[in-house]
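> Chains Z and H, in that order, give the protein sequences. For what it's worth, this note's numbering labels the leading residue of the first sequence as 1, then goes sequentially. For what it's worth, this note's numbering labels the leading residue of the second sequence as 1, then goes sequentially.
Treat the hints with care, since some could be wrong.
A pair holds if it fits inside one copy or across any two, identical chains being indistinguishable in the list.
Derived lysine-lysine pairs resembling DSSO-like cross-links, with alpha carbons at most 30 Å apart [unchecked claim]: (1) K444 - K10; (2) K233 - K444; (3) K134 - K156; (4) K134 - K119.
Please keep in mind that the hints were generated in silico from the structure rather than gathered at the bench.
Protein chains: 2
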Amino acid sequence: MFDSAELGHKLSKEAFDREEPKLRDDLLAAQTELLKRADFSIAIVIGGVDGAGKGETANLLSEWFDPRHVATHALGTGPMDHPHRPHLYAAWKALPPKGKIAVFVGSWYTRALGDRLAKRIDGERFKEVMNDAKSFETMLTSENVLVLKFWLHLSKKAQKKTFTALEDNPLTRWRVTREDWENHSAYSRVRRVAEEAIRLTSTAEAPWTIVEAADREYRALAVGKTILEAMQKRLAATEIPHPPASRLPPRPPAIDDLNVLDKLDLKAVVPKEKYDVELEELQGKLNLLFREPRMRKRSVVAVFEGADAAGKGGAIRRITGALDARQYRVVPIAAPTADERARPYLWRFWQHVPAHGQISIFDRSWYGRVLVERVEHFCSEDDWRRAYREINDFEDQLDSAGIIVVKYWLHISEEEQLRRFEERTKTTFKRYKIGPEDWRNREKWSVYRDAVSEMVERTSTETAPWTLVAANDKKHARIKILETLCERVERELES
Amino acid sequence: MFDSAELGHKLSKEAFDREEPKLRDDLLAAQTELLKRADFSIAIVIGGVDGAGKGETANLLSEWFDPRHVATHALGTGPMDHPHRPHLYAAWKALPPKGKIAVFVGSWYTRALGDRLAKRIDGERFKEVMNDAKSFETMLTSENVLVLKFWLHLSKKAQKKTFTALEDNPLTRWRVTREDWENHSAYSRVRRVAEEAIRLTSTAEAPWTIVEAADREYRALAVGKTILEAMQKRLAATEIPHPPASRLPPRPPAIDDLNVLDKLDLKAVVPKEKYDVELEELQGKLNLLFREPRMRKRSVVAVFEGADAAGKGGAIRRITGALDARQYRVVPIAAPTADERARPYLWRFWQHVPAHGQISIFDRSWYGRVLVERVEHFCSEDDWRRAYREINDFEDQLDSAGIIVVKYWLHISEEEQLRRFEERTKTTFKRYKIGPEDWRNREKWSVYRDAVSEMVERTSTETAPWTLVAANDKKHARIKILETLCERVERELES
Numbered sequence: 001m002f003d004s005a006e007l008g009h010k011l012s013k014e015a016f017d018r019e020e021p022k023l024r025d026d027l028l029a030a031q032t033e034l035l036k037r038a039d040f041s042i043a044i045v046i047g048g049v050d051g052a053g054k055g056e057t058a059n060l061l062s063e064w065f066d067p068r069h070v071a072t073h074a075l076g077t078g079p080m081d082h083p084h085r086p087h088l089y090a091a092w093k094a095l096p097p098k099g100k101i102a103v104f105v106g107s108w109y110t111r112a113l114g115d116r117l118a119k120r121i122d123g124e125r126f127k128e129v130m131n132d133a134k135s136f137e138t139m140l141t142s143e144n145v146l147v148l149k150f151w152l153h154l155s156k157k158a159q160k161k162t163f164t165a166l167e168d169n170p171l172t173r174w175r176v177t178r179e180d181w182e183n184h185s186a187y188s189r190v191r192r193v194a195e196e197a198i199r200l201t202s203t204a205e206a207p208w209t210i211v212e213a214a215d216r217e218y219r220a221l222a223v224g225k226t227i228l229e230a231m232q233k234r235l236a237a238t239e240i241p242h243p244p245a246s247r248l249p250p251r252p253p254a255i256d257d258l259n260v261l262d263k264l265d266l267k268a269v270v271p272k273e274k275y276d277v278e279l280e281e282l283q284g285k286l287n288l289l290f291r292e293p294r295m296r297k298r299s300v301v302a303v304f305e306g307a308d309a310a311g312k313g314g315a316i317r318r319i320t321g322a323l324d325a326r327q328y329r330v331v332p333i334a335a336p337t338a339d340e341r342a343r344p345y346l347w348r349f350w351q352h353v354p355a356h357g358q359i360s361i362f363d364r365s366w367y368g369r370v371l372v373e374r375v376e377h378f379c380s381e382d383d384w385r386r387a388y389r390e391i392n393d394f395e396d397q398l399d400s401a402g403i404i405v406v407k408y409w410l411h412i413s414e415e416e417q418l419r420r421f422e423e424r425t426k427t428t429f430k431r432y433k434i435g436p437e438d439w440r441n442r443e444k445w446s447v448y449r450d451a452v453s454e455m456v457e458r459t460s461t462e463t464a465p466w467t468l469v470a471a472n473d474k475k476h477a478r479i480k481i482l483e484t485l486c487e488r489v490e491r492e493l494e495s
Numbered sequence: 001m002f003d004s005a006e007l008g009h010k011l012s013k014e015a016f017d018r019e020e021p022k023l024r025d026d027l028l029a030a031q032t033e034l035l036k037r038a039d040f041s042i043a044i045v046i047g048g049v050d051g052a053g054k055g056e057t058a059n060l061l062s063e064w065f066d067p068r069h070v071a072t073h074a075l076g077t078g079p080m081d082h083p084h085r086p087h088l089y090a091a092w093k094a095l096p097p098k099g100k101i102a103v104f105v106g107s108w109y110t111r112a113l114g115d116r117l118a119k120r121i122d123g124e125r126f127k128e129v130m131n132d133a134k135s136f137e138t139m140l141t142s143e144n145v146l147v148l149k150f151w152l153h154l155s156k157k158a159q160k161k162t163f164t165a166l167e168d169n170p171l172t173r174w175r176v177t178r179e180d181w182e183n184h185s186a187y188s189r190v191r192r193v194a195e196e197a198i199r200l201t202s203t204a205e206a207p208w209t210i211v212e213a214a215d216r217e218y219r220a221l222a223v224g225k226t227i228l229e230a231m232q233k234r235l236a237a238t239e240i241p242h243p244p245a246s247r248l249p250p251r252p253p254a255i256d257d258l259n260v261l262d263k264l265d266l267k268a269v270v271p272k273e274k275y276d277v278e279l280e281e282l283q284g285k286l287n288l289l290f291r292e293p294r295m296r297k298r299s300v301v302a303v304f305e306g307a308d309a310a311g312k313g314g315a316i317r318r319i320t321g322a323l324d325a326r327q328y329r330v331v332p333i334a335a336p337t338a339d340e341r342a343r344p345y346l347w348r349f350w351q352h353v354p355a356h357g358q359i360s361i362f363d364r365s366w367y368g369r370v371l372v373e374r375v376e377h378f379c380s381e382d383d384w385r386r387a388y389r390e391i392n393d394f395e396d397q398l399d400s401a402g403i404i405v406v407k408y409w410l411h412i413s414e415e416e417q418l419r420r421f422e423e424r425t426k427t428t429f430k431r432y433k434i435g436p437e438d439w440r441n442r443e444k445w446s447v448y449r450d451a452v453s454e455m456v457e458r459t460s461t462e463t464a465p466w467t468l469v470a471a472n473d474k475k476h477a478r479i480k481i482l483e484t485l486c487e488r489v490e491r492e493l494e495s
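I would like the entire structure built from these sequences, with the hints used as guidance.
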């Protein structure tokens, strides 16, 4: 794979000086167009062997582009890396909004490559991380991020020459570390691991471009011209047809009208006296669970979904009431802001992935994609169809990072909703809770019913199961939620 | 994930009898249309727990459809499974041509599920196989195969009831095996493994449909109606736009004109006397290597590509000359037949994957996709762009199955080609080797040069490297090829 990058590509200083001004003009023009249209963003990954000039290349890009709209990130090393969070957390945080460019000198590859070289992870685990990277980039591409990946390559000889030259100069001696020389002596292993990473993550949407890096002028122009060409192509592109997916429903077309929601006994009731006792008990239990030493290395993500007026807020308050304010964060999800719309739809939820010992409670969540956005056609069928998988991947990553994922669907009958709507309309202090949109949603009851059913079918997993809650009686719902939450956390802490 | 399939879906015998004739009519009509258009094929996977009626369902499908155009396969168990070949070999062999339907009662999932249940493979390995299945199905979808996957589900209770009922009847007692009961007692593990498989391989293109299987009438109608709906949708579908990929070249846009092919010293020559001695020696060595006991568990795939008149045939004869006729197969690749065009492009090469102890020598190969098909626009840019990855996956699967992959590009200069063409025209017995197409190809020399360079860049890997061979001197080329072949096989047998 590196054959073309060991040919001795070179460019004279004069030729570079001749070409650079034109390249800069063109890059700036493309960036201006990108900013103006703001219908996609760019993520540039600069990987490569030690001494290949990754940092220099990143610096050059901030020089060439209007730096106000370019952010440079160095993931995979040091404190930026959020050790308590899923390994893609830092990458998600750093995603550029539409119109902007992010340059990753260290990327979602850096840590895995280092771990594999140092044999901290085995080959199977490495493949798994590469596969995550591939899925991540497929998602980015689908969400209108142009992903450009460069691998700056040096032959073993060229690497030695570079290191020696840097060491000979007192001003640059510090650049060469002992680790650099260690990696150099394991050069063939580095090369093999890099090749595997490139092979496993080169897709038609986001291929790697391998650049011979020994000559500084050639390297700079090669990277610059490749970026320019890709930007121009993307700016000129219209959509490309691809063969239709099979788009099967998870359940067969209606044969009978049975639905997961029918299993629920909406008549279930918990009487006042029993409720008071049980609530007290369960809140006490939850509080103790969150004080457990074992909880310091775990965290919880709780998702609340349900029809309007199903009682999500009240249920959430019964959880937070049991906890210390420093332990929880309630995240209410409304329509996305402009800033959020400018990024892949999961981005805003990644912002609230909890640190160890914490619980993040989502009042509505990423499931909006397959509920309201599906029903109201806020996104295309393609978008919500692929969302099931993206969501499962997301929750799987949370699980792998030791985060306990619980999900509640609060279900009420149409009649009960009507009763609550009318009550809200009549009660002054509840009136803010109801608007014309709520009445409109009511008309789509059966469409939502199908969407909920498909959601549960596709995303209820062993590691992140849905709990369907009969919520016509609020007390019953709250007890059920606290009970299952305590049970789940207890079981997880013991495992 | 199985919630909707534990609701107790049921259909009365009468309702079934009412609905079945209409369903059969519609299925036949859809099949007729499929046969007529023959622009896609259908692969139906029927998975599920023991006792869920997988076989019965397959039988029903051959009853409903015109059986002349439906083939039923049971992979994953027994002698059909080609233990010496890559694990997808049987699946490839069974792919239906356009217009036809294949039903897989055992599929590319069967063996992995069984191995995982019996703990013969660990979780990481299982994930890897599932990932292979996913890539395989993505490729199928891109190649116009409609992939429909069903999981027939029984709750633990329903499974017990089914087994007991079968055992109580002397006529069906044989259907329940000890393994069935063993799996039954490990039901929750079966469920967990199945869920993971479904989660890892559900994509927007090829999702799983989960069907409650306890009631025979419901199950039959559910599967039938789902297939019908998917067929009708696909028959009605036009192409769907998706966002343009970045489509980067592997090398930066031309900055200098250096190319991997330039490394070759086309002046290299091996004199006659030296050639005779070395050829003899190398052929002897190769012969001995193929008689090695260790070779009985390995095999070789050798690919020969090169410009017209580069000397592929002669080089191949120097290899086969060293071997026993039972050990090798030479596979000349010309334009695909109608039968081959009706299936994914890699299909015809899978037919020639060698058994243990064998070598398959391809005179031209799957690389046609990224060479002639690319240059002549026989396929779309999308098609050849994704081919690099599909080819790497293919060769990786060969490697995992212990097959040694060697690839040769025979390179000659434009002048040398002209000399050989003219010689062919003049020599009577060589005249059949040259036609107007060869002269036309010559005009595209530089386009081919780029395609070759990108091919080497993207597909030369540690496990399946390209060897570029300077072939202006035929003797030099042959010695080089035999030398590297012996070296590689020797090294692999030692590892």
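> Each hint should be assessed against the structure and marked as holding or not.
Hint check results:
1. K444 - K10: Answer is between; shortest inter-copy Cα gap is 27 Å, intra-copy 65 Å.
2. K233 - K444: Between copies, since 24 Å is at most 30 Å while 42 Å is not.
3. K134 - K156: This pair counts as within: shortest intra-copy Cα distance 28 Å, inter-copy 37 Å.
4. K134 - K119: both (22 Å within a copy, 28 Å between copies)
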